[in-house]
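Letter by letter, the chains look like this.
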Amino acid sequence: MPPKGRIEVNENRCKGCELCTDACPQDVISMAAERLNTKGYHPAELIEAGCTGCGICAIVCPEAAITVYREVSQRAASAEA
Amino acid sequence: MDTAQHELEQVVYQRPESLMEVDTHYCPGCTHGVAHRLVAEVLDEMQVRQRTIGVASVGCSVFAYNYFNTDFVQAPHGRAPAMATGIKRCLPDRIVFTYQGDGDMASIGMGEVVAAAARGENITVVFINNANYGMTGGQMAPTTLPGQKTTSSPNGRDVETQGFPMQAAELLATLEGTSYSVRRSLHDPKNVRMAKKALRTAFEVQARGMGFSIVELLSVCPTNWGMTPLQSLKWLEEAMIPFYPIGDYKVNPALAGLRF
Amino acid sequence: MAKEMMKGNTAIAEAAIRAGLDAYFGYPITPQTELLEWMSVRMPELGRAFVQAESELGAINMVYGAACTGKRVMTSSSSPGISLMMEGLSYIAGTEVPMVLVNVMRGGPGLGNIAPAQADYNQIVHGGGHGDMHPIVLAPASVQEAIDLTVLAFDLAEKYRAIVVVLIDGSLGQMMEPGELPPMAPLKTAIPDWAVRGGDDGKRRTLSSIYLNPPDEEVTNLRLERRWQEVQANEVRYKEYYLEDARYVVTGFGSAGRIALSAVRAARAEGIPVGLLRPISLNPFPRQVIADLSERVEGFLVTEMNAGQMLDDVMAAVAGRKPVEFYGRMGGVVPFPDEILGEIKRMVNGQVPMSGHPRDRWLERMPRAN
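Protein chains in written order, with the numbering used here: chain A, 1 to 81; chain B, 1001 to 1260; chain C, 2001 to 2370.
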């Protein structure tokens, strides 16, 4: 099973350039069509399950607006502890 | 064990500490932001944020001093390597870098950067090549490609009358004082990763007192190119890279054994 | 310390070193080069920073960077090189970081020649780059005074976070005469709070001359102007010779002032009641002293090695109360005391008109070769 992840977008920092939506290998990022941020852009958001926490969106983001998390498997976590 | 906020979740990527918590003035999709972030990540990883002094230039990156969470000064157009020299000679144990665009470094400031490299000045230059003058509205730069239309070469750069573009990484690699001169690109995730590795190497060259280091970063300027951010990445890849090949133009052999 | 024979340029260099100079950046240009050469030997042997820059542009911007670290820094050049430094000087003034500049003036405009001249007065005193800015300008007339004013220059630069220019001409730079150097001062260890250092104390500092928002720039302009008022109130320097009972005043700075002193002494020997006022701080200019003199004397003779640049400041101070005459030599030509004596006698014996401009009358008297 692929690892599970999620992203948090600092929405007000996003300028809607769409570099992350294009780079995402899982195609799970999109621009929020129904809302605007304080700058007047449609911010990027995670639209569905499938994020693996690979971090590629953050690597291309010019605003450093994305924080990426990845779940640690139960076994790995207990092994580490 | 670092499990961040969630019990069973780790942070894969977060905003580097060496960036200020502020919005930049850069246009949407401008890769200045990516270059800033990569430099900041390298400063974080090397744990040198609190002994780094940056030198901002004139052009779109004139406000770099507002974006990096380090000490910063702001140089006259093209003179950043001279200013960095003055700082480094007075504070040789600090990390000193310049952040310059193509108009700044490869046109008005070519004298300063060549002289700094020839002296083997122990500074790092982050050089952004986006093939035009961004801040003044997209005029022809020394890096503008043959045939490329800009607001001051409206019919396309004619090499007969407007000369040929400047290949800075190759040029600076010819100098004895240069320890590290490479070109990278910011147009896709793989290349961004390579760019970061090059920046890390450049700063490590300085930290080891090995002399002048420069990383040329091919960058986009969607606004002045008249393209969407995604189109501009494609144009960079298809039009710029053939003229500005990604590569290592000079790597001091002493770097071979280093791991970081 | 005993007196020793020294060339002006090297005396200034060694005085700066003894005043605690941390870093020197320069570029060779005649008639200043001995200063750079002296630095190239002494600074490295003392473990201090020395760079022969690629140009005056490089040199002034190295100074700019070094000044941002709060260290004692200086550069030196001669007229054409100073022109190239104007951009950097303006940035340094706008960033409010201290530095010392030595200008060993030569004949111009253009490439001119390498002979002594004083034609950078306007460029330095009334200029120094774009924008509202005021460098402090000190003009010594002897090797000893050059040593003393160089030491003072660093203190003033730091006190007012300003540019201090030691303005001499090529003859003083090249002249050998006895002088006494100060003892070696220890290097400064305290870093001013504004100086960049890498944030090792947990504070983040930026230094720049950019204030994109006009009201912010105006606040800075006002701060600089008020600081300049303080300089004007405290730092006027000049030297008076035989002025107690003088009915006529000769005034000139640097070498021209020194030559004028010989002429004034000769005139005194002939019983002519003339004295000399030699401004030492050209900026701030001793205008109140001149204004006060204009209440009690009968006329002024301004003598310079240029076409009457300080003349304008003297005329502004005299404000039409008394006649002013001018005598200048240019292009690297140095006046003889006899020439100035002749001008003194002409002023004392003849009628100096209150109308017309002294520069026009001077040009009328000068030979026409073409």
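Any given hint might turn out to be false.
Said to hold, decoys possible - Taking lysine to any residue pairs in the SDA-like style, the calculated list, with each CA pair at most 20 Å apart, reads:
no., chain 1, residue 1, chain 2, residue 2
1, A, K4, B, E1017
2, C, K2203, B, H1025
3, B, K1234, A, D22
4, C, K2203, B, E1017
5, A, K39, B, E1017
6, B, K1190, A, Q26
Calculated directly from the structure, the hints in this document are not laboratory data. Here the structure is a predicted model, which means the values were calculated and not measured.
Comparing the hints with the structure gives:
no.	hint	in the structure
1	A:K4 with B:E1017	violated, 26 Å
2	C:K2203 with B:H1025	violated, 24 Å
3	B:K1234 with A:D22	holds, 12 Å
4	C:K2203 with B:E1017	holds, 14 Å
5	A:K39 with B:E1017	violated, 24 Å
6	B:K1190 with A:Q26	holds, 16 Å
The structure fails to meet hints 1, 2, 5 from the earlier list, while all remaining hints are met.
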